[in-house]
Structure formats: structure tokens, C-alpha cells
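So the protein sequences, as listed, match chains A and B.
Per the working numbering: the first sequence = residues 1 to 313.
Per the working numbering: the second sequence = residues 1 to 313.
Hints were generated in silico from the structure; no laboratory data involved.
There may be inaccurate statements among the hints.
Just a few of them, taken from the derived set where beta-carbon distance is under 7 Å, the chain A residues facing chain B [to be verified]:
id : residue
1  : Gln6
2  : Pro9
3  : Gly21
4  : Phe148
5  : Ser150
6  : Gly153
7  : Val181
8  : Thr233
9  : Arg236
10 : Phe247
11 : Pro248
12 : Leu251
13 : Leu256
14 : Ser261
15 : Thr265
16 : Pro268
C-beta atoms are modelled at their ideal positions from N, C-alpha and C, and glycine is treated no differently.
Here are the chains, one letter per residue:
Number of protein chains: 2
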Amino acid sequence: MRFFDQLPPQPTPELGFATSGLNRAALHRESMEWQREALANPASRFIAICKDTPVLQFDGSTFDPLFDRQGAARLGDPVQALFLGLDGNVPWFGLNIPAEQFDDLKARSDLKLIDMRSIAMQGLFQPGVISTIGTAKAMFLWHQRHRFCSNCGAASASASSGWKRICEACKSEHFPRTDPVVIMLAIHGDECLMGRSPAFPEGRYSCLAGFMEPGETIEDAVRREILEETSITTGRVRYLDAQPWPFPSSLMIGCLAEATSRIITIDPAELADARWFSREEVRQILAESHPGGMTAPPRMAIAHHIMQVFAEG
Amino acid sequence: MRFFDQLPPQPTPELGFATSGLNRAALHRESMEWQREALANPASRFIAICKDTPVLQFDGSTFDPLFDRQGAARLGDPVQALFLGLDGNVPWFGLNIPAEQFDDLKARSDLKLIDMRSIAMQGLFQPGVISTIGTAKAMFLWHQRHRFCSNCGAASASASSGWKRICEACKSEHFPRTDPVVIMLAIHGDECLMGRSPAFPEGRYSCLAGFMEPGETIEDAVRREILEETSITTGRVRYLDAQPWPFPSSLMIGCLAEATSRIITIDPAELADARWFSREEVRQILAESHPGGMTAPPRMAIAHHIMQVFAEG
Numbered sequence: 001m002r003f004f005d006q007l008p009p010q011p012t013p014e015l016g017f018a019t020s021g022l023n024r025a026a027l028h029r030e031s032m033e034w035q036r037e038a039l040a041n042p043a044s045r046f047i048a049i050c051k052d053t054p055v056l057q058f059d060g061s062t063f064d065p066l067f068d069r070q071g072a073a074r075l076g077d078p079v080q081a082l083f084l085g086l087d088g089n090v091p092w093f094g095l096n097i098p099a100e101q102f103d104d105l106k107a108r109s110d111l112k113l114i115d116m117r118s119i120a121m122q123g124l125f126q127p128g129v130i131s132t133i134g135t136a137k138a139m140f141l142w143h144q145r146h147r148f149c150s151n152c153g154a155a156s157a158s159a160s161s162g163w164k165r166i167c168e169a170c171k172s173e174h175f176p177r178t179d180p181v182v183i184m185l186a187i188h189g190d191e192c193l194m195g196r197s198p199a200f201p202e203g204r205y206s207c208l209a210g211f212m213e214p215g216e217t218i219e220d221a222v223r224r225e226i227l228e229e230t231s232i233t234t235g236r237v238r239y240l241d242a243q244p245w246p247f248p249s250s251l252m253i254g255c256l257a258e259a260t261s262r263i264i265t266i267d268p269a270e271l272a273d274a275r276w277f278s279r280e281e282v283r284q285i286l287a288e289s290h291p292g293g294m295t296a297p298p299r300m301a302i303a304h305h306i307m308q309v310f311a312e313g
Numbered sequence: 001m002r003f004f005d006q007l008p009p010q011p012t013p014e015l016g017f018a019t020s021g022l023n024r025a026a027l028h029r030e031s032m033e034w035q036r037e038a039l040a041n042p043a044s045r046f047i048a049i050c051k052d053t054p055v056l057q058f059d060g061s062t063f064d065p066l067f068d069r070q071g072a073a074r075l076g077d078p079v080q081a082l083f084l085g086l087d088g089n090v091p092w093f094g095l096n097i098p099a100e101q102f103d104d105l106k107a108r109s110d111l112k113l114i115d116m117r118s119i120a121m122q123g124l125f126q127p128g129v130i131s132t133i134g135t136a137k138a139m140f141l142w143h144q145r146h147r148f149c150s151n152c153g154a155a156s157a158s159a160s161s162g163w164k165r166i167c168e169a170c171k172s173e174h175f176p177r178t179d180p181v182v183i184m185l186a187i188h189g190d191e192c193l194m195g196r197s198p199a200f201p202e203g204r205y206s207c208l209a210g211f212m213e214p215g216e217t218i219e220d221a222v223r224r225e226i227l228e229e230t231s232i233t234t235g236r237v238r239y240l241d242a243q244p245w246p247f248p249s250s251l252m253i254g255c256l257a258e259a260t261s262r263i264i265t266i267d268p269a270e271l272a273d274a275r276w277f278s279r280e281e282v283r284q285i286l287a288e289s290h291p292g293g294m295t296a297p298p299r300m301a302i303a304h305h306i307m308q309v310f311a312e313g
């Protein structure tokens, strides 16, 4: 169908957190009875997070993020359970393990606690599994940072199998945050604009990025962020692709923007440097053969993918 | 430049809240001194919101949303001021007027309080002005619903000229929410899938829509929402356009999806009906000449625009 001609593959291969095979089966979220049965179902699988860190089973050579009931019970009583969805007919839950258990779990030889970034960077599991671990991590951090009602200050409680919080005092409902972030290359002729934050490893350059604000279109946010960080003006904007990014709970929206100026003035609060890169240089950076030793973000990051789209023209 | 060939005009003409001419000038947000001077500047302009409703000056025939200092002072002491940005060199502020003033303001013959939807529907002001009133409305509602720290329950305070809140007790920073929503047509051959919510006026059909969840790509969210509401399966997804929607603070992300099934089973909790519409029927609906009296959302809504893209092929 012509609306869908010329679309790139979805999801973009290698993009971290972007491929979920799980059916979220939201209709089950409201049924306490269904939940009870599913939690008692011997086939059910559990993803465990402790102090924002995934807990993995380790048999000396391979890692397994999916606990069965018995294995999950040995991690200690969870702060809460989150119904993640169905893998075929198999219910998957997230379990938030109390922070006090962290040292005990770390001491166990049959477990490894590996931070989310490393899991994604190393591609330790199937993309769908990594994406679901990321969802559990993002959701539990949201719960931890939203134990109180922002409307009245009373303690709130998890509801809908972990997908919202309710305040009994003022009856407010609170839903998980998903914070949209624009991430983009400004393009001028055959060159693109990249910058480096003061926190980057040496030689690393990447796309510019920033949180969207209320009242903006995606295209306005792209133009504002590029202007704020480098004083470069831009015109038309093209959406490329999006990536969930569970640090803590962003939606990265990847774009290209048509630059209408050339002279860079960086905002030193945001960037250590920004400059124009030729297509050939970006190709070298992606191939890890840049003569100046410049490097790109990893393949699993949407920044890498945006650079690739530019490099391939 | 070929990356930007064949892009539609940006922003889409007639799309409400999507055109802001204001420079947000975020660099001034941290300077109390700059703010004080700007608030005292006789050229500065003020957008006033009371109980989530824009306050407009009215001279008997025309409306004006931009108060000068004297006019603003006569509205009563604001709960807070929000630095909205610069129109050229002219600072614009939002003022949140206490709810207790509502009846007094409503009684004044030199003012009209008109709800945000009506202002946008009637296109009362230039698009950039409507967009900025929408931003002020969304921001103040966010402040009202976030007076307390979600992390510790203590009262929080506005900071950065209204662009964040800080909790003195636990030192948490809280930023305004922008909630991404996917809104889309599933397309099968020459037909598209539209539904009606129980709350719609009679005969009204529109795109399906729903809030994104943590861990989803835009494309995954589109497929999940269509499946949940109608049981229709979809494949490829194409991004079209986005619209800020200040009710309360959403980012509507407009898409088309390629349907891979035909038989509709609606979720009665979400929809009163859903059905397939031919291109010709959608054209009639948009032209307000549908023989069955079916109608579309207004031109200022992205749903109307998505229907138009489909109708025009």
C-alpha cells in the first residue's frame, strides 16, 4: 500500500529496548482474581529488579532473567508485583525486590546483578526480553519516586497490577510517566552537526538531544534544542524512528533537521564542543576508523542509527 | 536536500496549538534578576489563566489575551508567574490567578473567561498566540496537581521561572509532564478504521487513540491500541505529524497503520462502535455531506488532519 512504501524495517535492527514480543494484555490488569491465578501458575515467569538493577540467574556460564515461582520466592518478598503481559499463554511479571536484599543477592553464586545498560550493550538476551526488562526497571523506578500523591501529599498505592497509583485521600489517579526526548542531527549540505557533553568519554561525539516541553510539536522541540545548544537555526524536520530509553523513562524521538545557518556558538552548560562533520567522517566514526580517534554511541542507541541514516544518505 | 524532499508543510495548516512563534529563551529562566526586570518592563505582556480558563480582555467586540502590566495588576495577585518566552524582544509571562477570583473576574464587563477548547475551535487569535495560551494552561494545571513532592510527600515549590518544582525536604527536582498519545487510522485496502467513544456527539467518528506506556516505541503503541480497542492486527506504521494538546498536557502523535485483519471486535469499555470507512465516505464526512450524517472532529484536531491525509491518498 503506497502509504507504507519505502518505510524502513520496523523496529530498526539492533536498536535496544525497541522490540517487544510481549502482549501487554491490559484487559487482565483490573482482575485481581486473574492475577492471583497467574501468580500461582507454575508456568509463569518473573523478572526481578533490585535497586534499579536486574537480577539474573547464573549457572556459571549463561544468564537467565526469567525466574520460575520457586526461584522468585528465594529472592525475598517483593515490594510489589507488576503484570508485564503474556508470552503466548505464559504470564510474565516484574518483581521489585527490596533494596535491603541487594547485598545478600549479590553474595549468591547462582545470581548476578548486572546493570541495565550493560545488559543492553552486550545484547545478553533476545531483544524482546531486554525490552521487557527495561519496562520493568522503568516502571519500578517510577513507583519508587511516586510513593506520595503530588496533588495532596498523602501516601498513594499501586493499583491495576502496577500500571497506576491511586490516592485514597483525594482520589487522584496517577499514571506512569513517559518523557519524550528529541534526538537529532542538523544537516547542512553534506555535513551534520554533532556535539559532545562534558561527561562523554574522550573522542565521543553524538546527536544533540533534549526533553520536550509542554506546548511543543516534535518539530518545534527539535529546532529549539538545536538553537539553544549551538545557536544553529533549522527549518524542516523529518521524523526517523523512536526508541524507549529506560534511564529513567524516556521516549527518544529520532529526527533530522535542515540547518539554515553555519556558525556554531555552544551553550557551555550543555556542551563541551560541537562541530560540523562530513559524511565521510561520520562513516569513519561508525566504522571505528576515524583518524582523529572519534567514536560514536553504541549500536543499540538511536543516536548511532541516526548517524547511520545520514552516512548512508 | 533529499532528506527533506516530499515533506508536507510544517506545521500543518489549521492544526491547533501547533504553531508557536515565541522564542522560549530558556537561558533567562534561571536569572531572578532578569525576571524582575522583565516583570517591571512596561512592554511585557501577560497571559492570565484562572481555574484552568483563559482570561481575555473584551472591549465589546474583540478579545485580547495579552494584558499589559496595569491590566494584569487589576486581576489580583497571581499564585505564580511563568516566563513563557520572547516575542522579538518583548517578554511574555503567564499568570495563574487564584480560583477565588473567578467569580469576580466573570462579573467584569471588560473581561471574558472563555475555555481553551472554544478559543482554539473558533480560532479566536493567531495560531502562535493560541499555542502559547495552551502552554500556559497546561503548565499551571501541572503546577496545581503537583504541589507536593511525589518522592517524599512534602510541599514542593516552583523554580526556574515556573519550569520545574523543587522539594526542599528531599532535594528532588520535578519537571512538567508531557504525555505522548498515539492517534491513528488503521488502513486496509481502500478503507480505514474509525471508532466512536460513548461520549462523542451523535454521528461522530474519529481516529483511535491512547496513551503510550513506558517501554513502547511509537509503532508498538499504535499496534497495541488498535488491537486492544478493535482486535484488528496491524503491521507497518507511518508517522505523519504531532500536535500538542493541552487537555491536560498531551503530545498527540499522528500515524497510519497497515491493517492485517478485517474482523472488528470492539472493547466496549473504550468504544461504542468501530467500523471500516471507504475513502469516499471519509471525503463526504470531511466535506460535511455524509448521507448518514456522520461527522469528523474539528479542523484544529490532528484526527481531522489524519483523515484528510487518508482521504487525499
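Verification of the hints:
1. Gln6: Violated. Min distance 10 Å.
2. Pro9: Since the shortest Cβ distance to chain B is 9 Å, the answer is violated.
3. Gly21: violated (10 Å)
4. Phe148: For Phe148 (chain A), the interface hint holds, since the closest Cβ of chain B sits about 4 Å away, which is under 7 Å.
5. Ser150: holds (4 Å)
6. Gly153: Holds, about 4 Å.
7. Val181: This hint is violated: Val181 (chain A) lies away from chain B, its Cβ roughly 10 Å from the closest one there, beyond 7 Å.
8. Thr233: violated (11 Å)
9. Arg236: Where the cut-off is 7 Å and the nearest Cβ of chain B is about 4 Å from Arg236 (chain A), the hint holds.
10. Phe247: Not OK, violated: Phe247 (chain A) not within 7 Å of chain B, min 12 Å.
11. Pro248: violated (9 Å)
12. Leu251: Because about 6 Å separates Leu251 (chain A) from the closest Cβ in chain B, which is inside the 7 Å limit, the hint holds.
13. Leu256: holds (5 Å)
14. Ser261: violated (15 Å)
15. Thr265: Interface hint status for Thr265 (chain A): violated (12 Å vs cutoff 7 Å).
16. Pro268: Violated: closest Cβ of chain B sits about 11 Å from Pro268 (chain A), beyond 7 Å.
In summary, the structure is inconsistent with hints 1, 2, 3, 7, 8, 10, 11, 14, 15 and 16 from the numbered list given earlier, while agreeing with the others.
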